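So you can see what is in the structure, the chains are spelled out below.
Number of protein chains: 2
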Amino acid sequence: MSKANPHYQKITREYIFPIIDKELEQVREEHPNKKILNFGVGDIVHPLKPSIVKALTKACTEMGEKVVGYGPSTGYHFLKKAVIDSEYGKYGIKASEVFISEGTINDCVNLLDILDVDNEIAIPDPAYPSYLDAAIMDGRTRAAKKGNDFPDIIYLPCTEETGFLPRPPKKGCDVIYLCSPHNPTGMALTRSDYEQWIDYAKEHDALIILDAAYECFIRSDNVPKSIYEVKGAKDVAIELRTFSKSAGFTGLRCAYSIVPEAIKAKLGKEDVSLHKLWTQRQNAKSNGVSYPVQRAAEASLSKKAHEETTEDIEDYLIQTKRLKDGLRDHGQTCYGGDDCPYIWWKCPEGVSSWDFFRHLLNELHLLCIPGAGFGKRGEGYVRLSGFTNEEAAKEAVKRLKKL
Amino acid sequence: MSKANPHYQKITREYIFPIIDKELEQVREEHPNKKILNFGVGDIVHPLKPSIVKALTKACTEMGEKVVGYGPSTGYHFLKKAVIDSEYGKYGIKASEVFISEGTINDCVNLLDILDVDNEIAIPDPAYPSYLDAAIMDGRTRAAKKGNDFPDIIYLPCTEETGFLPRPPKKGCDVIYLCSPHNPTGMALTRSDYEQWIDYAKEHDALIILDAAYECFIRSDNVPKSIYEVKGAKDVAIELRTFSKSAGFTGLRCAYSIVPEAIKAKLGKEDVSLHKLWTQRQNAKSNGVSYPVQRAAEASLSKKAHEETTEDIEDYLIQTKRLKDGLRDHGQTCYGGDDCPYIWWKCPEGVSSWDFFRHLLNELHLLCIPGAGFGKRGEGYVRLSGFTNEEAAKEAVKRLKKL
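One line per chain: the protein sequences are A and B, in this order. Numbering-wise (the numbering used here), the first sequence opens with residue 6 and increments by one. Numbering-wise (the numbering used here), the second sequence opens with residue 6 and increments by one.
For the record, the hints were derived by calculation from the structure and aren't laboratory data. Hints may be right or wrong, so weigh each one.
Said to hold, decoys possible - Restraint-style ranges between C-beta atoms, simulated for each label pair:
id: 1; chain 1: A; residue 1: K99; chain 2: B; residue 2: T17; range: 42 to 52 Å
id: 2; chain 1: B; residue 1: N153; chain 2: A; residue 2: G273; range: 55 to 65 Å
id: 3; chain 1: B; residue 1: I41; chain 2: A; residue 2: K71; range: 12 to 22 Å
id: 4; chain 1: A; residue 1: K95; chain 2: B; residue 2: K326; range: 50 to 60 Å
id: 5; chain 1: B; residue 1: D276; chain 2: A; residue 2: K381; range: 40 to 50 Å
id: 6; chain 1: B; residue 1: P174; chain 2: A; residue 2: E266; range: 37 to 47 Å
id: 7; chain 1: A; residue 1: R404; chain 2: B; residue 2: S101; range: 33 to 43 Å
id: 8; chain 1: B; residue 1: A148; chain 2: A; residue 2: P353; range: 28 to 38 Å
id: 9; chain 1: B; residue 1: K326; chain 2: A; residue 2: E67; range: 44 to 54 Å
id: 10; chain 1: B; residue 1: K326; chain 2: A; residue 2: E70; range: 39 to 49 Å
Stated by the list, open to error - Cross-link-like lysine to any residue pairs, in silico, SDA-like; alpha carbons within 20 Å at most:
id: 11; chain 1: B; residue 1: K281; chain 2: A; residue 2: G144
id: 12; chain 1: B; residue 1: K274; chain 2: B; residue 2: D121
id: 13; chain 1: B; residue 1: K274; chain 2: B; residue 2: H209
id: 14; chain 1: A; residue 1: K274; chain 2: B; residue 2: R147
id: 15; chain 1: A; residue 1: K15; chain 2: B; residue 2: V122
id: 16; chain 1: A; residue 1: K15; chain 2: B; residue 2: K281
id: 17; chain 1: B; residue 1: K15; chain 2: A; residue 2: N288
id: 18; chain 1: A; residue 1: K8; chain 2: B; residue 2: G144
id: 19; chain 1: B; residue 1: K281; chain 2: A; residue 2: E19
id: 20; chain 1: A; residue 1: K15; chain 2: B; residue 2: D123
id: 21; chain 1: A; residue 1: K8; chain 2: B; residue 2: K8
id: 22; chain 1: A; residue 1: K151; chain 2: A; residue 2: Y20
id: 23; chain 1: B; residue 1: K207; chain 2: B; residue 2: K239
id: 24; chain 1: A; residue 1: K86; chain 2: A; residue 2: Y96
id: 25; chain 1: B; residue 1: K290; chain 2: A; residue 2: T17
id: 26; chain 1: B; residue 1: K309; chain 2: B; residue 2: D320
id: 27; chain 1: B; residue 1: K8; chain 2: A; residue 2: Q285
id: 28; chain 1: B; residue 1: K281; chain 2: A; residue 2: F22
id: 29; chain 1: A; residue 1: K271; chain 2: A; residue 2: V122
id: 30; chain 1: B; residue 1: K271; chain 2: B; residue 2: K27
id: 31; chain 1: B; residue 1: K290; chain 2: A; residue 2: I21
id: 32; chain 1: A; residue 1: K309; chain 2: B; residue 2: G69
id: 33; chain 1: B; residue 1: K381; chain 2: B; residue 2: E70
id: 34; chain 1: A; residue 1: K351; chain 2: A; residue 2: K407
id: 35; chain 1: B; residue 1: K271; chain 2: A; residue 2: H12
id: 36; chain 1: B; residue 1: K274; chain 2: A; residue 2: I16
id: 37; chain 1: A; residue 1: K239; chain 2: B; residue 2: K8
id: 38; chain 1: B; residue 1: K176; chain 2: A; residue 2: M6
id: 39; chain 1: A; residue 1: K8; chain 2: B; residue 2: K176
id: 40; chain 1: A; residue 1: K309; chain 2: B; residue 2: E70
Values in this document were obtained by computation on a predicted structure and should not be read as measured data. Even for Gly, the Cβ is constructed at its ideal location relative to N, Cα and C.
Sequences are here, hints too, so could you generate the full structure?
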């Protein structure tokens with residue numbers, strides 16, 4: 006008889022975002038006249054920019070005029086070249102080291118395919134839920150006893166003690182997920198933080214998978230835009246970027262992974278290039294990303310589009326600052342929000358993140374995400390997203406008086 | 006130290022399509038003045054149809070005017086509804102049983118995620134290479150000794166003895182890949198063939214994964230358009246469809262899987278719904294398909310677009326018939342091509358499929374795919390694709406005189 010993957014059973018929590026949707030729906034029914042301000046899921050609030058729409062529609066029209074068939078599984082050269090020319094070339098990355106995909110979420114989970122199940126994996130906590138869920142689904146850890154950590158995962162606490170960022174653990178591990186600027190705490194790794202991680206990775210021959218989905222929000226001088234700005238990174242780190250936030254592509258789906266050829270992993274007694282395995286994986290398991298979407302992504306890297314999208318990015322940062330200032334003015338404790346549109350808001354003493362989330366939703370009609378939804382070490386905080394507009398941010402600050 | 010997935014080593018053959026590209030490139034360099042006719046990779050030769058381009062560009066323009074953010078991981082309801090209204094509703098399938106994805110290749114390999122590695126998997130031979138490659142990469146079989154079958158895979162021969170279609174094996178198995186109309190042999194399973202498979206699946210509590218990528222080419226009365234036309238299928242079969250061939254979407258990327266809620270698999274001592282696991286997988290591992298692509302797919306199911314795309318489908322079938330008649334007129338033995346744009350052409354006695362492929366490429370300048378590239382039991386045949394235009398098909402038939 007066909008047998009289901011038994012590891013799915015180990016995931017006992019429900020996926021956070023659908024639960025939030027349900028709670029939101031319930032409050033909407035109970036308070037039909039009250040406007041709920043949504044600072045929950047980090048989704049864009051601005052339409053696509055004109056020069057991106059232009060390239061997108063042009064490519065669509067083109068597909069009605071000539072045959073555009075299967076593209077390369079790892080992406081079109083024109084887009085890889087644009088990635089190199091716009092930034093990565095200066096770090097010494099080559100076009101062949103760029104792999105185009107449908108999203109950073111896909112890259113985060115699909116990269117596990119090329120890695121042995123025996124690798125010890127380190128995952129930040131709190132973090133975006135898919136890193137851990139994918140590791141569990143893949144059978145990379147034994148089940149957790151109720152409320153406990155998964156026994157074969159190395160948790161990297163992102164708490165007050167660690168400055169809300171993952172720090173190298175004392176013991177060695179094989180594969181490390183990093184996310185910087187970090188979702189959900191809104192903090193970002195500095196140059197010296199990266200240097201420590203690269204030293205650690207070299208010492209333990211470990212692989213770093215850096216989710217850099219929020220890179221476009223980086224404004225601090227000591228926070229590198231790319232890990233490859235830091236010496237030695239090309240030997241140990243895969244970097245993931247997306248057009249979702251930098252160009253408003255959440256509904257279009259396009260991202261890329263940088264997999265330098267120098268990165269090796271053990272295969273029996275030999276070393277093997279992960280670049281080679283990733284190529285093999287993508288060729289066998291995907292037919293690549295939609296042609297017009299890749300054309301739009303290419304256009305988003307042009308100077309003109311960059312000016313247009315930077316307006317939105319700046320606006321998100323302004324609203325984030327507005328919310329953060331408002332919180333502080335009302336005596337609240339919060340972190341993040343400088344290089345990232347997320348604010349990590351401390352719950353009142355003794356109040357759980359779910360209770361605070363419900364209080365904010367029911368009383369202030371503000372939707373945020375309870376920190377515990379991102380992992381046990383997110384307890385005691387809620388995440389407030391700055392993907393919002395001026396009106397909503399101002400209104401939210403007003404409502405804070407009712408706290 | 007980070008360790009690579011050791012199962013990748015077990016794949017000793019190179020992926021077929023890139024090899025073909027290399028051989029083609031070489032012949033082009035040697036004979037720069039000779040026009041090579043491409044009957045190789047089954048890619049479309051007609052541009053997107055006007056009403057599809059219209060819906061596509063409209064959705065793109067819309068994204069510049071209003072915010073279209075993250076869509077549902079399993080696809081928009083409007084597209085699921087269109088799939089139900091245009092066909093699947095009449096088989097009793099519900100919109101919630103339709104899952105939108107980037108391609109049938111993705112569904113074929115990703116479905117393995119929700120199935121235990123201990124399942125015994127049956128795979129047709131010859132077949133599209135990704136079914137086997139994905140099973141190997143996942144660690145679902147021990148390595149094969151040189152030239153031998155993989156020991157833990159149940160091969161379903163599609164040879165002269167089986168009518169070039171997979172038949173239920175004597176022994177039981179847990180998961181069965183079927184592809185009908187079958188790539189590469191070009192033959193299609195009839196109603197009574199499906200009845201036998203459904204009986205077999207029920208007897209062994211096995212799951213059928215049917216790749217129906219070429220469904221739109223079915224013209225024979227006794228060949229069902231969907232497995233759900235046959236009684237009992239909803240308890241045992243997942244059906245995969247794509248817009249790649251039916252609407253010329255190879256460069257746009259959109260497909261869907263039908264996963265009926267009734268299908269169960271064993272999980273410890275209990276039965277679990279694969280629909281539930283597939284939903285969980287797609288939520289955790291994907292953010293769905295590009296919005297404008299889903300709008301284009303929806304449009305392709307309209308009456309008007311269907312008339313437009315049917316012209317192309319009919320044209321491919323006409324060219325396939327032209328090629329097949331030409332081959333037979335020249336005394337060649339070939340199969341398939343009635344409900345599928347692929348012709349399974351028998352090599353001359355004692356000539357290997359790679360030798361015949363090279364002979365056709367070098368002497369007649371016809372590109373096809375050697376049968377052995379689809380598996381050991383494809384030896385002795387080449388696949389000729391009818392995705393071509395009238396001029397090329399006529400020219401090919403002329404060149405057959407030189408055989």
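- Message: Against the 20 Å threshold, does the CA-CA distance of K281 (chain B) and E19 (chain A) hold or violate the hint?
- Response: Within the cut-off at roughly 12 Å; holds.
- Message: With the threshold set at 20 Å, check whether the alpha-carbon distance from K151 (chain A) to Y20 (chain A) stays at or below it.
- Response: Holds, at roughly 17 Å.
- Between K281 (chain B) and F22 (chain A), is the straight-line Cα distance small enough, at 20 Å or below? The given pair, whose Cα atoms are some 17 Å apart, holds under the 20 Å limit.
- CA of K309 (chain A) to CA of E70 (chain B), is that 20 Å or under? holds, 19 Å
- Message: Please check whether P174 (chain B) and E266 (chain A) have a Cβ separation lying inside 37 to 47 Å.
- Response: holds, 43 Å
- For the pair we were handed, K271 (chain A) and V122 (chain A), check the Cα-Cα distance against 20 Å. holds, 13 Å
- Message: Taking the Cβ atom of N153 (chain B) and the Cβ atom of G273 (chain A), is their distance within the range 55 to 65 Å?
- Response: violated, 21 Å
- Query: Within 20 Å, alpha carbon to alpha carbon, are K274 (chain B) and D121 (chain B)?
  - Reply: holds, 14 Å
- Does K274 (chain A) pair with R147 (chain B) here, judged by a C-alpha cut-off of 20 Å? holds, 19 Å
- Quick one, are K8 (chain A) and G144 (chain B) close enough, alpha carbons at most 20 Å? holds, 16 Å
- Confirm or reject the claim that D276 (chain B) and K381 (chain A) have a C-beta distance inside 40 to 50 Å. violated, 31 Å
- 39 to 49 Å as the expected CB spacing between E70 (chain A) and K326 (chain B), which holds or is violated: violated, 28 Å
Hint violations for this structure: numbers 1, 2, 5, 8, 9, 10, 21, 30 and 33, all remaining hints satisfied.
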